[in-house]
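**Q** Sequence:
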Amino acid sequence: MGDDLLAILKTRAIVIKTQEFKENDKLVWLFTEDFGKITAIAKGARKSKSRYISSTLPCCYGEFVLFKGRNLYTINEVTIIDSFQQLLRNLDTITYASYFNELIDITLENDEIHKELFKDLVTAFYFIKNDVMDIEILARAFEIRILKATGYELNFDRCVRCRKKITISNYIDLISYGPICKECEKLNSIYISNPTYNTLKFLNNFGMDKINRIIVSKTSKLELYKILSLIISQNYTRKPKSLEMFDYLDKF
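For the sequence shown, my numbering assigns the number 1 to the initial residue and increments by one for each residue that follows.
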């Protein structure tokens, strides 16, 4: 067995996507607490009586026992903590849960450990499950956590052009990811209203567990969506397909 199975590992993880593999198996992309994003094979998972049917569904949160091989992990055992199948109850919750998983898949490199971001994803799923806050604002908060984790953190202390300290701004620079003061050139920026600026700053400065009571106007929601989707679309190799679904949902 030597070269193929090198170690047995145990970690909490969320299933972010799956793919059929060979005749009866599944490839499972996991966002793990201890090893970051990894790919594992669930042998026999497509058989009707497989013990992995429930535990390899998208969004499933569990404790996984894995064999680490040369190229792939192999799932050996799963204890489900929460299947989160309630997230698939309607089009809105399906779309947002899928979007969060897609962001993890698109923005993170394999094997990069992001323990805080893992905690944020679990928190986001529980928020959706229990319907405790505005799902659009939850999405914006999670996008900000993704940007922070991948080196695109927004800065609100100073003008990104002249470095002067500011408390409010009506323009966000789309290259330096921060506010522009009244005196500086507004090239490569996007307009933002005062309420939206304050909301963006709040979401940036506070953790996921502190944002569930915030109330945001429809206008500010739209501004936040435009700003953050632009930053996300221009900084990662793939644009999240779920963003197109948001545009579709907005028409209804």
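Hints are computed from structural coordinates only; laboratory data are not their basis.
Quick caveat, the model's predicted, so the values are computed rather than measured.
Note that the Cβ used here is the ideal one computed from N, Cα and C, for glycine as well.
Wrong hints could be hidden among the right ones.
[Stated by the list, open to error] Computed spacing ranges between beta-carbons, pair by pair:
#1 Lys148 to Lys186: 31 to 41 Å
#2 Ile106 to Arg70: 20 to 30 Å
#3 Glu244 to Lys186: 41 to 51 Å
#4 Leu222 to Leu187: 29 to 39 Å
#5 Ile106 to Lys68: 17 to 27 Å
#6 Ser217 to Asn71: 25 to 35 Å
[What the hints assert, rightly or not] Quick list of in silico lysine-lysine cross-link-like pairs, DSBU-like style, CA-CA up to 30 Å:
#7 Lys17 to Lys165
#8 Lys148 to Lys49
#9 Lys241 to Lys226
#10 Lys210 to Lys165
#11 Lys239 to Lys226
#12 Lys186 to Lys221
**Q** Provide an ascending list of the numbers of those earlier hints which the structure does not satisfy.
**A** 1, 3, 4, 6, 7, 8
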